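Protein chains in written order, with this note's numbering: chain P, 1 to 556; chain V, 1 to 350.
In short, the hints are calculated from the structure, not lab data. Just so you know, these numbers come straight off a predicted model, no measurement behind them. Check before you lean on any hint, since a few could be wrong.
[Unchecked claim] What the simulated footprint calls covered on chain P by chain V, stretch by stretch (three residues with Cβ under 8 Å from a Cβ of chain V suffice, anywhere in the stretch; the number is not a length):
id: 1; stretch: 130 to 139
id: 2; stretch: 151 to 164
id: 3; stretch: 180 to 189
id: 4; stretch: 275 to 288
Built from N, CA and C at the ideal position, the CB exists for glycine as well.
Next come the chains, spelled out residue by residue.
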Amino acid sequence: MTPITTPRECIHPAARMHAGEYADGKLSRREFLTRVTALGVGVTAAYGLIGELPAQAQTLEGTPRMGGTLRVQMQVKALKDTRSADWSEIACTTRGTCEYLVEYENDGSFRGMLLESWEANEDATEYRLRIRPGIKWHTGEDFTAADVARNIERWCEKNVEGNSMAARVSSLIDPDTGKARDGAIEIVDPMTVVLHTSFPDISIIPGFADYPAAIVHASYDPAKPNELIGTGPYKLTRIDVGLSARLERAADHPWWGTDIYGGPYLDTIEYIDYGTDPSAWLAAIEAEEVDMLYESVGEFIDIMNDIGLVQSEVVTAATLVIRPNQLAEIDGKQPYADKRVRRALSMAVDNAVLLELGYGDRGEIAENHHVCRIHPEYAKLPPLKADPAGARALMEEAGMLDFEHDLISIDDDWRKNTADAVAAQLRDAGIKVKRTVLPGATFWNDWTKYPFSSTNWNHRPLGVQIWALAYRSGEAWNEFGWSNPEFDALLEQALAIADADKRREIVAKGEALIQEEGVTIQPYWRSLYRHMRPGLIGTEMHITFEHHHYKWAWAA
Amino acid sequence: MGLFLLRRVGMMILTALCLTVIVFVLTNLRPNLEKLAKTQGNFRMSDEAVASWLERNGYDEAMPLRYGQWLGVVPGWRQETDQGVTGRCLDGTIAPEAAARAPRFCGVLQGDWGFSTVFREEVSTIVAKRLGLTGKLMLWVLALMVPLALIVGVLAGMREGSWLDRGLSSLSIITTATPEYVSGVILIAVFASSSVGLKWFKGTATGAMDHANFENFFLPVLTIALYGMGYIARMTRASMAEVMAAQYIRTARLKGVSFSNVVIKHALRNALIAPFTVIMLQFPWLLNGVVIVETLFNYKGFGWTLVQAAGNNDIDLLLAVSVVSVLVVLTTQLLSDIGYVYLNPRIRIS
Chain P
1 MTPITTPREC IHPAARMHAG EYADGKLSRR EFLTRVTALG VGVTAAYGLI GELPAQAQTL
61 EGTPRMGGTL RVQMQVKALK DTRSADWSEI ACTTRGTCEY LVEYENDGSF RGMLLESWEA
121 NEDATEYRLR IRPGIKWHTG EDFTAADVAR NIERWCEKNV EGNSMAARVS SLIDPDTGKA
181 RDGAIEIVDP MTVVLHTSFP DISIIPGFAD YPAAIVHASY DPAKPNELIG TGPYKLTRID
241 VGLSARLERA ADHPWWGTDI YGGPYLDTIE YIDYGTDPSA WLAAIEAEEV DMLYESVGEF
301 IDIMNDIGLV QSEVVTAATL VIRPNQLAEI DGKQPYADKR VRRALSMAVD NAVLLELGYG
361 DRGEIAENHH VCRIHPEYAK LPPLKADPAG ARALMEEAGM LDFEHDLISI DDDWRKNTAD
421 AVAAQLRDAG IKVKRTVLPG ATFWNDWTKY PFSSTNWNHR PLGVQIWALA YRSGEAWNEF
481 GWSNPEFDAL LEQALAIADA DKRREIVAKG EALIQEEGVT IQPYWRSLYR HMRPGLIGTE
541 MHITFEHHHY KWAWAA
Chain V
1 MGLFLLRRVG MMILTALCLT VIVFVLTNLR PNLEKLAKTQ GNFRMSDEAV ASWLERNGYD
61 EAMPLRYGQW LGVVPGWRQE TDQGVTGRCL DGTIAPEAAA RAPRFCGVLQ GDWGFSTVFR
121 EEVSTIVAKR LGLTGKLMLW VLALMVPLAL IVGVLAGMRE GSWLDRGLSS LSIITTATPE
181 YVSGVILIAV FASSSVGLKW FKGTATGAMD HANFENFFLP VLTIALYGMG YIARMTRASM
241 AEVMAAQYIR TARLKGVSFS NVVIKHALRN ALIAPFTVIM LQFPWLLNGV VIVETLFNYK
301 GFGWTLVQAA GNNDIDLLLA VSVVSVLVVL TTQLLSDIGY VYLNPRIRIS
């Protein structure tokens, strides 16, 4: 690795400011990287700004060997229109073929894939995207600005049922037509696209790295989602839903990334479905039917370490919320429309206990406002204190002490245990709770509607991104049924501030408001784990469950 | 005999019709349709999106009409959009001219079992493939269970009250009283996991779908066989004990025929009539027994398909699965009735 000498000529002014903050110890390295790479500074340049070398992929050591097959346990779900993908697993199946504009790395930085670089203007309303030269589709055509523009327009089609990308590019959408605003996406030359957002939007680039943002070919037909033409190093040669999927290296297609990032190494990647029961995953890896798991959870983590598997761990802002739905009606009443009831629920539980009982202390305590220490705009608030007596008093004041709450959770390991721990603590505080555990197959059908239930949320790079997806009034994923004009205004403001320090002042108010309104119990941040057989390289657990197939290899 | 067969086949069709009506109504309840829309679209879809998805995909029509379409007695639904015509019997969105040439009816009567929404495949292909896998499992279960059960039953029944009888009877009762989801887990824990450390077999049968061998296939086969074995063995023992107490056996013994000859030449044939019926009646039970074992061992056969279809409200697949189940259950019962006549000349059918 050569030392970094000159950072790229045009560096966003805020990036230099952040470098100063990092030097003063005001920012952690992860925060620094997340912020400046989102502004369009390359990873190497970003490290250059703070005078460090990029972290070597924190691997599993050895020299990669060309060729070989890797068998991975993963649920094989039916593919659907890429922009409406609702499971990371779906994107893992397509990712080898359909690549992304940018890629999110475990250190919190973004690096260009199909984009070579990008720059934001001062107030984050204009993004200049430069396409990496020399990329070809599997059909042999060149990958150009027109392809990028077409895909972004596709994401803007808000009226397509289930298109979740629309929420991520809302600043490019014309609310009247539900399509891309005229002039929002401008093709400057065959290698450059400029995006003009209708309001300052700092989450555009992170949104491009999210799993439904796969780039598809002009001939892509959402009705035939298994027929993929992409730019990637692998081809999806077989998919049997619920059984298995097979990716094979596209031998006739030289991959653009080989010279830049190295790889691909493996010939074949086989995904095999073992259902949702972690004990079946353990049985599969014990029986040597797979080499690697998608994710290891709960008590199985210890077992897998004991039987000599290699563990990979990543700290994330993935979490779960145990929330009342304020709009839910039970017997003609809306029990959770009353702020006192919601506050009482969160006051009665101690998040530290939930972390211990629910997730075996494998993570960090959170503060019920869904912004994590590793998010750049995190603002520290006074610590929360559990107050069962106060909770009971508040519940009594609201006249709801006789009401029996029904806490719904999915049937699994950690989500069920955490919900059980919540119920137990509520009972200790004298609040009546009954538990309903639903199987995975049926739980998700009504997940936003349950009156009181737990939902897991994946990691996202910025705290305000999650707020914009789930806490803003009227959003499709707003499972809290929360609608608060004051919060919406704060969020709107926060989303316009590219400088995280200034944003933090606003975010602090938003955090306090979420706590004050008792929107949810959000007890802890999870570390994620994955286990594999010895001898693998580049297969670390990813912070957002992404499978970067080109990095994977068997050791020589 | 001909009339008897005809009546039984008529009964079978009637049962299948009734069952499919029930399944159809249950899977087409509004909440179930909404759930289907969400698994097909995006499970975080809004209510408006769900409604428009249902309308666009023809789920808004009246239920009897749609049942008729599934049967193939009502023409399939069609909708015209800007891009062309979509509908049942049509593959995606096509031009109006092409749609005019397409068949109007496409239901079970036309041999079209529909399309699975979970697996994105023709229902007939899925059912054939999965039934084949379950057939393989059943074959080995029967190959293990029937001889084992008969041997245990005959040994126990030939000397009622002996220590051999007591021991074998206790064993049969224990295996029958232990449901598969208990015995399966115990077998996996003891023979396949690192916790006990034996690791003789594999705790999952996913690999056995393509390459079955003793190591990856024995545990699921044993789990089902153990449960069924005890029951058949108990029946065989009872029947054997009854025969052994019969007068003609005592006569044979008094005439000096050796014990082994009495058992093999005189007792066995009469004693096996009852177990035959029991074995035939095990088929329907095996069919639902495999649901648990296939899920436990991740063996993706018919039972597993049923679980997936029910869990995801896959209407066409669920209907096909119920029709096949009715056929299997009633056919085996028919066979057992006919077989009984041949084994026992005192019975007449008509």
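Quick rundown of the hints versus the structure:
| no. | hint | result |
| --- | --- | --- |
| 1 | 130 to 139 | violated (count 0) |
| 2 | 151 to 164 | holds (count 4) |
| 3 | 180 to 189 | violated (count 0) |
| 4 | 275 to 288 | holds (count 7) |
Consistency with the previously given hints fails for numbers 1 and 3, ordered from lowest to highest.
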